[in-house]
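Peer 1: Residue numbers (the numbering used here), protein chains in the order written: chain A, 1 to 438; chain B, 1 to 470.
For the record, the hints were derived by calculation from the structure and aren't laboratory data.
All of these numbers come straight from a predicted model, not from anything done at the bench.
Take these hints with a grain of salt, some might be off.
[To be verified] Quick list of simulated restraints, FRET-style, between CB atoms:
no.	chain 1	residue 1	chain 2	residue 2	range
1	A	348	B	432	53 to 61 Å
2	B	101	A	6	44 to 52 Å
3	B	113	A	64	35 to 43 Å
4	B	431	A	81	52 to 60 Å
5	A	348	B	427	46 to 54 Å
6	A	1	B	20	51 to 59 Å
7	B	119	A	251	31 to 39 Å
8	B	166	A	45	52 to 60 Å
9	A	368	B	331	33 to 41 Å
10	A	419	B	185	54 to 62 Å
[Unchecked claim] In silico DSSO-like cross-links for lysine-lysine, where the CA-CA straight-line distance does not exceed 27 Å:
no.	chain 1	residue 1	chain 2	residue 2
11	B	462	A	92
12	B	106	B	156
13	B	424	A	232
14	A	20	A	105
15	B	207	B	145
16	A	20	A	301
17	B	7	B	79
18	B	37	B	110
19	A	203	A	232
20	A	124	B	79
21	A	134	B	265
22	B	462	A	438
23	A	185	B	444
24	B	145	B	212
25	B	145	A	268
26	A	272	A	314
27	A	288	A	124
28	A	169	A	239
29	A	438	B	264
30	A	438	B	276
31	A	134	A	203
32	A	133	B	106
33	B	97	A	124
34	B	462	A	227
35	A	45	A	21
36	A	133	A	45
37	B	25	B	264
38	B	185	A	405
39	B	264	A	65
40	B	121	A	92
Don't be surprised by glycine CBs; every beta carbon is placed ideally from N, CA and C.
Each chain, letter by letter, is given below.
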Amino acid sequence: MIKDQEYLSEKASYCLDLAKKLGATGSSAVVSNSVSETVNFRNRKLDESNRSDNLAISITTFIGKKKSSISSSNLLKDNLDTLIEKCVETTKNTPEDEFNSLPDKDLLAKEVKDLNLYDDTHIKNEDKIEYLKKLETSASSNKQIVNTESSFTEDRSNFILANTDGFCKGYKDSSFIASSITVAKDESSMERDYEYTSKCHLKDIKDAESLGKLAAEQTIRKLSPQKISSEKIALIFDKRIARGVLSTFASAIFSSAISRGTSFLKDKINQKIFSDEINIFDKPDILKGLGSKTFDSEGVKTETLKLVDQGILKHYLVDTYNGKKLNLRSNGRCGGTSNLYFEKGKVSYKDLLSSNSRCLYITETIGHGSNIVTGDYSVGATGFLVENGEFKFPINEITIAGNFKEMFQNITLANDLEFEYSTNSPTMMIEGMVVAGK
Amino acid sequence: MRNFFEKSDLSRSEAENIVSNTLNKCDDGELFLEDSKSESIVLDDNKIKNSSYSSDLGYGFRAISGEVVAYSHSNDISKSSLKQSSESLKSTLKSTKGNYNHSIPKSNKKYYENINPIEQKSLKEKIEILNKVNDYLRSKDNNVKQVTANFSGEQKSIEIIRSGGETLSDVRPLIRFNVSVMLDKNGRKESGVYGIGGRNSYESYLKEDNWKKVCDEALRIASVNLESKPAPAGEMKVVLGPGWPAILIHEAVGHGLEGDFNRKKTSAFHNLMGQKVASEGVTIVDDGTIDNRRGSLSIDDEGTPTEKTILIENGILKNFMQDRLNARLMKTRSTGSGRRENYKHIVLPRMRNTMMLNGNHTQEEMIKSVDKGIFAVSFGGGQVDITSGKFVFNCTEAYEIINGKIGSPIKGATLIGDGPSILKEVTMVGNDMMLDPGIGTCGKAGQGVPVGVAQPSILISKMTVGGTKL
Chain A
1 MIKDQEYLSE KASYCLDLAK KLGATGSSAV VSNSVSETVN FRNRKLDESN RSDNLAISIT
61 TFIGKKKSSI SSSNLLKDNL DTLIEKCVET TKNTPEDEFN SLPDKDLLAK EVKDLNLYDD
121 THIKNEDKIE YLKKLETSAS SNKQIVNTES SFTEDRSNFI LANTDGFCKG YKDSSFIASS
181 ITVAKDESSM ERDYEYTSKC HLKDIKDAES LGKLAAEQTI RKLSPQKISS EKIALIFDKR
241 IARGVLSTFA SAIFSSAISR GTSFLKDKIN QKIFSDEINI FDKPDILKGL GSKTFDSEGV
301 KTETLKLVDQ GILKHYLVDT YNGKKLNLRS NGRCGGTSNL YFEKGKVSYK DLLSSNSRCL
361 YITETIGHGS NIVTGDYSVG ATGFLVENGE FKFPINEITI AGNFKEMFQN ITLANDLEFE
421 YSTNSPTMMI EGMVVAGK
Chain B
1 MRNFFEKSDL SRSEAENIVS NTLNKCDDGE LFLEDSKSES IVLDDNKIKN SSYSSDLGYG
61 FRAISGEVVA YSHSNDISKS SLKQSSESLK STLKSTKGNY NHSIPKSNKK YYENINPIEQ
121 KSLKEKIEIL NKVNDYLRSK DNNVKQVTAN FSGEQKSIEI IRSGGETLSD VRPLIRFNVS
181 VMLDKNGRKE SGVYGIGGRN SYESYLKEDN WKKVCDEALR IASVNLESKP APAGEMKVVL
241 GPGWPAILIH EAVGHGLEGD FNRKKTSAFH NLMGQKVASE GVTIVDDGTI DNRRGSLSID
301 DEGTPTEKTI LIENGILKNF MQDRLNARLM KTRSTGSGRR ENYKHIVLPR MRNTMMLNGN
361 HTQEEMIKSV DKGIFAVSFG GGQVDITSGK FVFNCTEAYE IINGKIGSPI KGATLIGDGP
421 SILKEVTMVG NDMMLDPGIG TCGKAGQGVP VGVAQPSILI SKMTVGGTKL
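With the hints as constraints, model all of the structure from the sequences given.
Peer 2: What follows is the structure, given as C-alpha cells:
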C-alpha cells in the first residue's frame with residue numbers, strides 16, 4: 001500500500017521545523033511514495049515481473065536570498081537530521097541570488113481540485129498476465145511477426161508539497177500502462193514498431209486485442225523499405241511525431257530559456273510565430289487528464305493558458321525564479337506544461353494526405369536534432385511515400401531538416417485531435433522541408 | 001566497505017539466509033545493495049544557480065528461473081521489506097527447479113581508488129573555480145552572452161550477496177566538469193559545449209590549465225559555429241575525427257552487439273557471429289579495465305570482474321557483450337558487461353569503454369582523398385534503431401571538404417547510416433586513436449550508465465548528411 005497523506009505530511013513538517021531550527025529563513029519539502037508493479041511478456045511467455053516501492057524526499061532551504069537543496073530516498077530520522085544539517089550548512093556557503101524566493105503567497109493554490117486522477121482498482125498479476133496473453137496472441141497472429149515484447153504496469157503514487165508559508169497539499173494519482181513492441185521480418189528487412197496505451201483509470205485503457213493488432217499492423221507495413229533521393233517535399237507528421245514538435249515549442253518558451261537568452265523564441269511575445277489558424281492551449285484541469293494538476297511543483301495554482309492565439313505567442317511558461325528575473329508573475333508552470341495541445345484544424349486527415357500530389361508521411365524520428373538556441377532541426381526519419389493520398393511504399397534511412405521559425409509558419413493541422421497523452425496534436429503537415437536521402 | 005546492516009533491524013546473516021532460501025531453486029539471482037551520494041553545483045547566468053546534494057540507499061532483489069526474471073526493489077533495508085520482496089519473487093517463479101550457478105570469477109584488480117570525490121574539495125573552493133570560469137570566458141570574448149558551468153560528483157558503494165553467502169563489493173567514484181558557452185554576434189546565436197570527467201578526484205581534473213582548456217574548447221566550438229553555413233543534404237564521403245566521434249561506433253554497432261538483443265534475435269547482428277561485418281583492419285573492443293575511465297568498472301553489477309572484450313577483430317565478428325543471464329541462455333560466459341543504473345533497475349548487458357583500435361593511415365591522407373564530403377569533429381547525442389540497424393548522430397562541429405581541402409564550417413546536421421553495413425564502408429583507419437574526454441552517458445530501456453568511447457580518425461565512403469542545402 002502507498003503511504004497516506006498523514007505519513008507524508010508528518011515527514012514534511014518535521015523537515016521544515018528542523019530546517020527552521022537550524023537557521024533557515026524559509027524552506028519547502030516534497031515527500032512522495034510510489035508503488036509500481038510491472039509484468040513483461042516476450043513471445044507469449046512471462047519474461048519479467050518487477051515490483052518497486054519508492055520513497056523520496058527533497059528539501060530546499062533558503063537563508064535570505066541564499067538557496068540550496070538536497071534529496072534522498074532514506075526517510076529515517078537519523079538520515080534526515082544529517083541531510084538537513086548539511087543542506088542548511090551548504091545554503092550558508094552558497095552565494096546570494098536576488099531572484100531566489102518561495103512563490104508569492106497569493107499565487108499558491110487554495111484547494112486541491114478533484115480531477116479524478118486516482119483509480120483504486122488493483123489488478124492482480126494473474127490478470128495482467130491474462131491481458132498480455134491476449135495482447136501477444138493478437139500481435140503475433142500474422143506470420144511475419146517474429147518477435148513480440150509487451151508489458152503491463154500499474155502505478156500508484158501519493159505526494160505532499162509543503163512550504164514555510166503554510167502550504168501543505170498533495171494528492172494521489174494512478175496510471176495503467178500497456179505496451180506492445182513487435183518485430184516483423186521478410187526476406188530483405190527486419191523492422192520494429194510499437195503501440196501503447198496509458199490512462200489514469202483501468203477501464204479506459206485500450207483492449208488487449210486491438211493494441212496488439214495495431215502494433216503488428218504498424219510494424220508489418222514498414223517491411224522492405226526504400227531510400228529516396230534528396231529533395232524538398234511536403235511532410236506529414238503522424239500524431240506521435242507532431243506531439244514532439246509541440247514539446248519542442250514548449251521547451252523554447254520556458255522562462256528559463258527566455259531569461260537566459262538561449263531560445264529562438266526570446267522576445268517573441270505578442271508576435272506572430274505560427275500561421276493564423278494555429279491556437280495552442282495548456283489546460284491543467286481536464287478530468288482524468290494525464291497531465292492534469294491543481295498546482296505546479298512550487299504549489300502555484302494552475303489555470304488554462306492560451307499560449308498561442310491565431311498564430312500569436314501570448315505567454316511564456318513561467319516559474320517563480322525566472323519570473324522574478326523577467327519581471328513576470330509565475331503562471332504555475334514550474335516543472336513544465338500540463339495538458340498541452342494544438343486546437344484541431346479544419347481539414348480531414350484524408351484531405352490533408354491528398355493536399356499534395358506527392359508527400360512523405362513520417363511515423364518515427366530518431367536522434368536529438370532540435371536546437372532550441374537557433375531553432376535548427378535535423379533528425380533521422382522513417383515513414384511512407386504518399387502519392388495522391390495513397391500510401392505507396394515504406395521509406396527509411398533519410399533525414400528531415402529545417403528551422404522551427406519557418407516550420408511553425410508552414411503548419412497545417414487536420415481535425416483529428418484526440419486526448420490520448422499529456423501532449424496532443426492532430427496530424428500535421430509542414431511544407432518546404434528538406435529530405436536528405438540517396 | 002559500506003556496512004549496509006549497521007542501522008537496520010536486519011542482520012547480515014539474516015539477509016544471507018533470506019537470499020539463500022529464496023534463490024536455492026533458481027538458476028541465478030542476487031541481492032544488490034547500493035548507497036550513493038552525489039552533488040551538483042551549477043553556475044548559470046553569472047550566478048551560482050544551484051547547489052544540491054542527494055543520497056540514495058536501497059536494494060534490488062533478483063531471482064532468475066530459465067528466461068524469467070523476477071525483481072523487487074525498495075529503499076527500506078529491513079527484515080519486513082526484504083521478506084515481502086522474497087514473497088513477491090517466489091510468487092512470480094512458482095514452480096522452479098533450477099540449479100543455482102555458484103561459480104563467479106574472482107579478481108582483486110581495481111581500476112580506480114576507493115575515494116569520495118565530494119568530500120575532497122570544499123564547496124567554497126568549487127564555487128570559486130566556477131566563478132573563475134565565468135570571468136575567464138566573459139573576459140576572453142565580448143560576444144559571450146551566456147556561460148553555464150557545473151561540477152557533479154558521486155560515490156557509489158555496492159554490495160552483492162549471492163546464494164550461499166558469497167559477497168562482492170565495490171566503491172565507485174565519478175566526477176564531471178562541464179562548460180557551455182553561448183555567443184551572440186550581430187544577432188546570430190550559437191553555442192559550444194565541452195566537458196571532462198572520469199572515476200577520479202576533482203583534484204586531478206581541476207588544475208588551472210585544465211579548466212582553462214575546457215573553457216577554450218567550448219568557446220572555440222561556439223566561435224566556429226558562428227561562421228557556419230547550411231549543411232549539404234545527401235549521400236557523401238565523411239571523415240570522422242578521433243576520440244568522441246566514436247559514439248558512431250557505440251550507436252552503429254555497439255548496441256547491436258549486446259547479448260540480450262542477439263539472444264532475442266532482434267539485433268541485425270544476431271546471425272553474423274564469425275562472419276565479416278567490417279572492412280579489413282577494423283578492430284573494435286569493449287574495455288572495462290582502463291584506469292580511471294568513465295566507463296571502467298572493477299566488477300560489473302553482478303560481481304563479474306570486467307575485461308577487455310574483443311567484439312570485432314580485423315573485420316570479423318568475434319564476441320557479443322554478455323551479462324550472466326544472456327550468457328547462460330546463449331551457452332557462453334559473461335564478459336563482465338552486466339550493468340544497471342542503480343538498485344531500482346534490472347541488470348542488462350551494456351557497453352563500458354567501446355573503442356576502435358588504430359590502423360595506419362593519417363587524417364591528412366583521408367581529407368586529401370575526398371572530392372566532396374564533410375569532416376565531422378564533434379558530436380552531440382546519437383541514437384539507434386536496433387532492429388532496422390539505422391542510426392543517427394548530430395554534428396556539433398563539422399566542416400565541408402572540397403577537392404581534398406577543409407572548407408567552411410557547417411551547421412549542425414544529423415548523419416544517418418546503417419549499422420550492419422557502415423563498418424564495411426570504412427575505407428581508411430587512422431593512426432591517431434584518442435579516448436573521449438569522459439562525458440558519455442548511454443541510455444537503454446530507461447537506464448542511463450556512464451560509458452566511454454575511443455577511435456582514430458576514419459574515412460567512411462558513404463553516409464547520408466541531413467543538411468538543408470540541396
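Peer 1: For each hint, tell me whether it holds in the structure or not.
Peer 2: Hints, one by one, checked against the model:
1. For the pair residue 348 (chain A) and residue 432 (chain B), the beta carbons lie near 57 Å from each other, so the given range of 53 to 61 Å is met.
2. Taking 44 to 52 Å as the suggested C-beta distance range, the pair residue 101 (chain B) and residue 6 (chain A) conforms, at roughly 46 Å.
3. The hinted window of 35 to 43 Å between residue 113 (chain B) and residue 64 (chain A) holds, with their beta carbons roughly 39 Å apart.
4. At about 58 Å, the beta-carbon gap between residue 431 (chain B) and residue 81 (chain A) stays in the expected band of 52 to 60 Å.
5. Look at residue 348 (chain A) against residue 427 (chain B): about 50 Å separates their beta carbons, and that is inside 46 to 54 Å.
6. Judged by the Cβ atoms, the range 51 to 59 Å given for residue 1 (chain A) and residue 20 (chain B) is violated: they are separated by roughly 29 Å.
7. Look at residue 119 (chain B) against residue 251 (chain A): about 36 Å separates their beta carbons, and that is inside 31 to 39 Å.
8. Checked against the hint of 52 to 60 Å, the pair residue 166 (chain B) and residue 45 (chain A) fails, with Cβ atoms roughly 30 Å apart.
9. Take residue 368 (chain A) and residue 331 (chain B): their Cβ atoms lie about 38 Å apart, and the range 33 to 41 Å holds.
10. As the Cβ distance of residue 419 (chain A) to residue 185 (chain B) is approximately 44 Å, the hint placing it in 54 to 62 Å is violated.
11. In summary, the hint linking residue 462 (chain B) to residue 92 (chain A) is not supported, as the alpha carbons are separated by about 57 Å, beyond the 27 Å threshold.
12. Proximity of residue 106 (chain B) to residue 156 (chain B) is assessed by CA-CA distance (about 21 Å); at most 27 Å being required, the pair is judged to hold.
13. Restraint check for residue 424 (chain B) and residue 232 (chain A): the C-alpha separation of about 30 Å exceeds 27 Å, so the hint is violated.
14. A hinted pair counts as satisfied when its Cα atoms are at most 27 Å apart, and residue 20 (chain A) with residue 105 (chain A) qualifies at roughly 19 Å.
15. Straight-line distance between C-alpha atoms of residue 207 (chain B) and residue 145 (chain B) comes to about 25 Å, which keeps the hinted pair within the 27 Å bound.
16. For the suggested pair residue 20 (chain A) and residue 301 (chain A), the alpha carbons sit about 25 Å apart, so the restraint of at most 27 Å is met.
17. A C-alpha spacing of about 12 Å is found between residue 7 (chain B) and residue 79 (chain B), which places the hinted pair at or below 27 Å, so the restraint holds.
18. Distance check on the hinted pair: residue 37 (chain B) and residue 110 (chain B) sit about 20 Å apart at the alpha-carbon level, within 27 Å; holds.
19. For the suggested pair residue 203 (chain A) and residue 232 (chain A), the alpha carbons sit about 45 Å apart, so the restraint of at most 27 Å is broken.
20. This hinted pair checks out: residue 124 (chain A) and residue 79 (chain B) have alpha carbons roughly 25 Å apart, not beyond 27 Å.
21. Restraint check: the Cα-Cα separation between residue 134 (chain A) and residue 265 (chain B) comes to about 23 Å, which is no more than 27 Å; the hinted pair holds.
22. Distance hint between residue 462 (chain B) and residue 438 (chain A) is fulfilled; the C-alpha atoms sit about 10 Å from each other, no more than 27 Å.
23. Straight-line distance between C-alpha atoms of residue 185 (chain A) and residue 444 (chain B) comes to about 23 Å, which keeps the hinted pair within the 27 Å bound.
24. Straight-line distance between C-alpha atoms of residue 145 (chain B) and residue 212 (chain B) comes to about 18 Å, which keeps the hinted pair within the 27 Å bound.
25. Between the alpha carbons of residue 145 (chain B) and residue 268 (chain A) the distance comes to roughly 19 Å, so the proposed pair stays at or under 27 Å and holds.
26. Between the alpha carbons of residue 272 (chain A) and residue 314 (chain A) the distance comes to roughly 9 Å, so the proposed pair stays at or under 27 Å and holds.
27. At most 27 Å may separate the alpha-carbon atoms for a hinted pair to count; residue 288 (chain A) and residue 124 (chain A) meet this at roughly 22 Å.
28. Restraint check for residue 169 (chain A) and residue 239 (chain A): the C-alpha separation of about 35 Å exceeds 27 Å, so the hint is violated.
29. Restraint check for residue 438 (chain A) and residue 264 (chain B): the C-alpha separation of about 32 Å exceeds 27 Å, so the hint is violated.
30. Note on residue 438 (chain A) and residue 276 (chain B): the hinted pairing holds, with a Cα-Cα distance of about 25 Å set against a maximum of 27 Å.
31. Restraint check for residue 134 (chain A) and residue 203 (chain A): the C-alpha separation of about 16 Å stays at or below 27 Å, so the hint holds.
32. Note on residue 133 (chain A) and residue 106 (chain B): the hinted pairing is violated, with a Cα-Cα distance of about 41 Å set against a maximum of 27 Å.
33. Proximity of residue 97 (chain B) to residue 124 (chain A) is assessed by CA-CA distance (about 25 Å); at most 27 Å being required, the pair is judged to hold.
34. As the CA atoms of residue 462 (chain B) and residue 227 (chain A) are separated by approximately 14 Å, the hinted pair is consistent with the 27 Å bound.
35. Of the supplied pair hints, the one linking residue 45 (chain A) and residue 21 (chain A) is violated, its CA atoms being roughly 56 Å apart against a limit of 27 Å.
36. Taken as a hint, the residue 133 (chain A) and residue 45 (chain A) pair is honoured in the structure, with Cα atoms around 8 Å apart against an allowance of 27 Å.
37. Proximity of residue 25 (chain B) to residue 264 (chain B) is assessed by CA-CA distance (about 25 Å); at most 27 Å being required, the pair is judged to hold.
38. Only pairs whose Cα atoms come within 27 Å are accepted, and residue 185 (chain B) paired with residue 405 (chain A) is accepted, the gap being roughly 19 Å.
39. Between the alpha carbons of residue 264 (chain B) and residue 65 (chain A) the distance comes to roughly 55 Å, so the proposed pair goes past 27 Å and is violated.
40. Straight-line distance between C-alpha atoms of residue 121 (chain B) and residue 92 (chain A) comes to about 17 Å, which keeps the hinted pair within the 27 Å bound.
Violated hints, in rising order: 6, 8, 10, 11, 13, 19, 28, 29, 32, 35, 39; the structure is consistent with all others.
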